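*Asks:* On the provided structure of chain A, position chain B as indicated by the hints.
Number of protein chains: 2
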Amino acid sequence: MKPRLSVVKIGGNIIENESALQDFLKDFAAMEGYKVLVHGGGRTATRIAEHLGIPSKMVGGRRITTRETLDVIVMVYGGLTNKNVVSDLQRYGCNAIGLSGADGNTILSDKRPVKEIDYGYAGDIRQVNSAAVKALLESDMTPVFCAITHDGKGQLLNTNADTIASEVAIAMSEHFETSLYYCFEKKGVLRSVEDDDSVITHIDTTVYEQLLEEHIIADGMLPKMHNCFNALQRHVHKVCIGLPGMIAGKEQRFTTLTL
Amino acid sequence: MKPRLSVVKIGGNIIENESALQDFLKDFAAMEGYKVLVHGGGRTATRIAEHLGIPSKMVGGRRITTRETLDVIVMVYGGLTNKNVVSDLQRYGCNAIGLSGADGNTILSDKRPVKEIDYGYAGDIRQVNSAAVKALLESDMTPVFCAITHDGKGQLLNTNADTIASEVAIAMSEHFETSLYYCFEKKGVLRSVEDDDSVITHIDTTVYEQLLEEHIIADGMLPKMHNCFNALQRHVHKVCIGLPGMIAGKEQRFTTLTL
Numbered sequence: 001m002k003p004r005l006s007v008v009k010i011g012g013n014i015i016e017n018e019s020a021l022q023d024f025l026k027d028f029a030a031m032e033g034y035k036v037l038v039h040g041g042g043r044t045a046t047r048i049a050e051h052l053g054i055p056s057k058m059v060g061g062r063r064i065t066t067r068e069t070l071d072v073i074v075m076v077y078g079g080l081t082n083k084n085v086v087s088d089l090q091r092y093g094c095n096a097i098g099l100s101g102a103d104g105n106t107i108l109s110d111k112r113p114v115k116e117i118d119y120g121y122a123g124d125i126r127q128v129n130s131a132a133v134k135a136l137l138e139s140d141m142t143p144v145f146c147a148i149t150h151d152g153k154g155q156l157l158n159t160n161a162d163t164i165a166s167e168v169a170i171a172m173s174e175h176f177e178t179s180l181y182y183c184f185e186k187k188g189v190l191r192s193v194e195d196d197d198s199v200i201t202h203i204d205t206t207v208y209e210q211l212l213e214e215h216i217i218a219d220g221m222l223p224k225m226h227n228c229f230n231a232l233q234r235h236v237h238k239v240c241i242g243l244p245g246m247i248a249g250k251e252q253r254f255t256t257l258t259l
Numbered sequence: 001m002k003p004r005l006s007v008v009k010i011g012g013n014i015i016e017n018e019s020a021l022q023d024f025l026k027d028f029a030a031m032e033g034y035k036v037l038v039h040g041g042g043r044t045a046t047r048i049a050e051h052l053g054i055p056s057k058m059v060g061g062r063r064i065t066t067r068e069t070l071d072v073i074v075m076v077y078g079g080l081t082n083k084n085v086v087s088d089l090q091r092y093g094c095n096a097i098g099l100s101g102a103d104g105n106t107i108l109s110d111k112r113p114v115k116e117i118d119y120g121y122a123g124d125i126r127q128v129n130s131a132a133v134k135a136l137l138e139s140d141m142t143p144v145f146c147a148i149t150h151d152g153k154g155q156l157l158n159t160n161a162d163t164i165a166s167e168v169a170i171a172m173s174e175h176f177e178t179s180l181y182y183c184f185e186k187k188g189v190l191r192s193v194e195d196d197d198s199v200i201t202h203i204d205t206t207v208y209e210q211l212l213e214e215h216i217i218a219d220g221m222l223p224k225m226h227n228c229f230n231a232l233q234r235h236v237h238k239v240c241i242g243l244p245g246m247i248a249g250k251e252q253r254f255t256t257l258t259l
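As you go down the protein sequences, you meet chains A and B in turn. If you read the first sequence in full-length UniProt numbering, its first letter stands for residue 1, the second for the next number, and so on. If you read the second sequence in full-length UniProt numbering, its first letter stands for residue 1, the second for the next number, and so on.
Next comes chain A alone, as it looks inside the complex (with noise of 0.2 Å):
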């Protein structure tokens, strides 16, 4: 029987609160068997960015990642936010170790291709260096990712959160039962976006298609869900997306995907 694991996503808006931060890592500290901690990055980096004067570059309502901005972001995610939570896990006995993926070249991306719109350096992951996370957590060490990756050829890469969290779920469950759990400000995935408890507590391929038909699922939500169902397909044992909580058994209801 394969080992688990637990990859967990934290969104920008746990890390830009200082005590919900604190109790979310606190609860992952605490969590048993290897895990795998992935955090996306806040406002924080606008903000920075607009002190340094560089501003904003907004194509199609998409962020683009320039190369002013892609230092801001490394700074800010790879840097402030990587270290502190790093940190502070080690305050709370987790043996943290923060990572882009250039560092150990765990996350090899390649820059996004320019069709309609030129996002700048923004990373479409290629591959998942598998052995090189195993064999941190096989040294006791818990990896924590930032958005970053690199292509390889020394360019670092902006990278999605959700997306680097479910690759690297989807890799790792060649050698790990691994778990997903995308933690963020709802309950879970929601059946009415008006009611904050109406949590559909299980989805499977079969509701999932009743969802779309229904149209259930939509706006932010349907590339989470076809991200989590993706990872599914590709042998990661389940997906749970709920309020943070959920990792220590404090919530009693969020949001389980399976097959």
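By construction, these hints were calculated from the structure, which means they are not laboratory data. Quantities reported herein were computed from a predicted structural model and do not represent experimental measurements. Some hints here could point you the wrong way.
As the list makes no split between identical chains, a pair holds if one copy fits it or if it spans any two.
As the list claims (entries may be wrong) - Quick list of in silico lysine-lysine cross-link-like pairs, BS3-like style, CA-CA up to 25 Å:
(1) Lys26 with Lys134
(2) Lys26 with Lys186
(3) Lys186 with Lys153
(4) Lys115 with Lys238
(5) Lys26 with Lys153
(6) Lys26 with Lys111
*Replies:* Relative to chain A, chain B alone:
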């Protein structure tokens, strides 16, 4: 016989000069055997702090690490510099992994006690976790340290890069025959500061005492030499001081220190 390990420190002057940095990183990537890189900061942190309106606080000619300064140092040294050095080394075929002392709990330090001067968030090294560094080396990874450590209680601390290099070399000497390389902008320890070619090629304890008596070693070189002989007395095999090219055998003359 113990395997060989090279611990190489590069200063801010090399970090700031893009072509000198790339030349150095190519040479470092090509070095045989186990190796560790330690990099200093450079003036980027000061420049970014100025842009962000964070004043430099100096007391008695020495920089004080305020909370705001620490954040900038963590962003620039731990993020921008460290991650770019790592991705460049990957490009040159070296499987680098960027670390602060918090990562993998590799370097524990104590916040410097307040005596006449309060240095703020400056760390004095308490312990290098040689087992963790060894585990990374044996997983075929090359640790790249920035000048940041932690106190194990959630506090990151600004720490002298020369000291990190010597303390890492000392701790690793338990497991490796360790050579320590200080790369800087001079050809080595000079007999006459005005004459760049007056390199003293070999300094042992006897020569060191003579040089001290003759006041040939003074100013900035004094603490550096103290660090070096401290390392030698604590089982580091040899220490070399000179231009970056010495690590690739490109320099005819540099200073080698032994007991």
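*Asks:* Does each hint hold? Answer for all of them.
*Replies:* Against the structure, the hints:
Only within a single protomer do Lys26 and Lys134 lie at most 25 Å apart by alpha-carbon distance; the minimum there is 23 Å, versus 28 Å between protomers. When the C-alpha separation of Lys26 and Lys186 is checked against a cutoff of 25 Å, the pair qualifies only within one copy, where the shortest distance is 20 Å, while the shortest distance between copies is 48 Å. For a Cα distance limit of 25 Å, the shortest separation of Lys186 from Lys153 qualifies neither inside one copy, at 39 Å, nor across copies, at 31 Å. Taking CA atoms no more than 25 Å apart as the test, Lys115 paired with Lys238 passes in neither setting, with 34 Å inside one copy and 55 Å between copies.
When the C-alpha separation of Lys26 and Lys153 is checked against a cutoff of 25 Å, the pair qualifies only between copies, where the shortest distance is 13 Å, while the shortest distance within a copy is 37 Å. In the homo-oligomer, the alpha carbons of Lys26 and Lys111 lie at most 25 Å apart only across protomers (23 Å), although the nearest pairing inside one protomer, at 35 Å, exceeds that limit.
Violated hints, in rising order: 3 and 4; the structure is consistent with all others.
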